[in-house]
Amino acid sequence: MDILKEAANFENAKMSNMSTSDRVVASREAKRLILAINEIYKENKDPELMDLMKRLTAKKKKIDVRLKGRPSDGI
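Position 5, counted from 1, in the sequence shown is what full-length UniProt numbering calls 5; the numbers after and before it change by one each time, with no gaps.
Since the hints were derived computationally from the structure, they do not count as laboratory data. Each hint should be verified, as a subset may be incorrect.
Distance windows between CB atoms, simulated [stated by the list, open to error]:
{"id": "1", "residue 1": "Ile3", "residue 2": "Ser72", "range": "33 to 39 Å"}
{"id": "2", "residue 1": "Glu6", "residue 2": "Lys42", "range": "14 to 20 Å"}
{"id": "3", "residue 1": "Thr20", "residue 2": "Ile40", "range": "30 to 36 Å"}
{"id": "4", "residue 1": "Val25", "residue 2": "Gly69", "range": "16 to 22 Å"}
{"id": "5", "residue 1": "Lys45", "residue 2": "Ser72", "range": "35 to 41 Å"}
{"id": "6", "residue 1": "Ser19", "residue 2": "Glu43", "range": "34 to 40 Å"}
{"id": "7", "residue 1": "Met18", "residue 2": "Thr57", "range": "31 to 37 Å"}
{"id": "8", "residue 1": "Ala58", "residue 2": "Ser21", "range": "32 to 38 Å"}
{"id": "9", "residue 1": "Arg32", "residue 2": "Val65", "range": "15 to 21 Å"}
{"id": "10", "residue 1": "Leu35", "residue 2": "Arg66", "range": "18 to 24 Å"}
{"id": "11", "residue 1": "Gly69", "residue 2": "Ile3", "range": "27 to 33 Å"}
{"id": "12", "residue 1": "Asn12", "residue 2": "Ser72", "range": "32 to 38 Å"}
{"id": "13", "residue 1": "Glu43", "residue 2": "Pro71", "range": "32 to 38 Å"}
{"id": "14", "residue 1": "Asp2", "residue 2": "Arg28", "range": "16 to 22 Å"}
Once the Cα atoms are required to be at most 20 Å apart in a straight line, the calculated SDA-like pairs of lysine to any residue come out as [to be verified]:
{"id": "15", "residue 1": "Lys68", "residue 2": "Met15"}
{"id": "16", "residue 1": "Lys45", "residue 2": "Leu4"}
{"id": "17", "residue 1": "Lys54", "residue 2": "Asp64"}
{"id": "18", "residue 1": "Lys68", "residue 2": "Leu4"}
Everything numeric in this text was worked out from a predicted model, so none of it was measured. Idealized CB from N, CA, C, for every residue including glycine.
Using the sequences and the hints, build the whole thing.
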């Protein structure tokens with residue numbers, strides 16, 4: 001269950017004053033953690049794992065928006 005400790009550390013880490021390359025690394029780390037937790041979730045269906053994945057996904061989306069910008073309306 002070392003992956004859960006890594007996820008907790010990532011979740012509590014400050015994301016301010018990050019360079020672009022730091023954001024790319026953080027986004028990839030979030031994806032790795034989410035996929036690893038998902039494999040554990042498939043086996044035991046623990047709702048706490050689903051909540052953790054949702055929180056990590058929300059943090060990853062914030063990082064991705066900062067990297068790529070908000071989508072335009074297409075006007």
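Checked hints:
no. : hint                       : verdict
1   : Ile3 to Ser72: 33 to 39 Å  : holds (37 Å)
2   : Glu6 to Lys42: 14 to 20 Å  : holds (19 Å)
3   : Thr20 to Ile40: 30 to 36 Å : holds (31 Å)
4   : Val25 to Gly69: 16 to 22 Å : holds (19 Å)
5   : Lys45 to Ser72: 35 to 41 Å : holds (39 Å)
6   : Ser19 to Glu43: 34 to 40 Å : holds (37 Å)
7   : Met18 to Thr57: 31 to 37 Å : violated (18 Å)
8   : Ala58 to Ser21: 32 to 38 Å : violated (22 Å)
9   : Arg32 to Val65: 15 to 21 Å : holds (19 Å)
10  : Leu35 to Arg66: 18 to 24 Å : holds (21 Å)
11  : Gly69 to Ile3: 27 to 33 Å  : holds (31 Å)
12  : Asn12 to Ser72: 32 to 38 Å : holds (33 Å)
13  : Glu43 to Pro71: 32 to 38 Å : holds (35 Å)
14  : Asp2 to Arg28: 16 to 22 Å  : holds (18 Å)
15  : Lys68 to Met15             : holds (16 Å)
16  : Lys45 to Leu4              : holds (15 Å)
17  : Lys54 to Asp64             : holds (15 Å)
18  : Lys68 to Leu4              : violated (28 Å)
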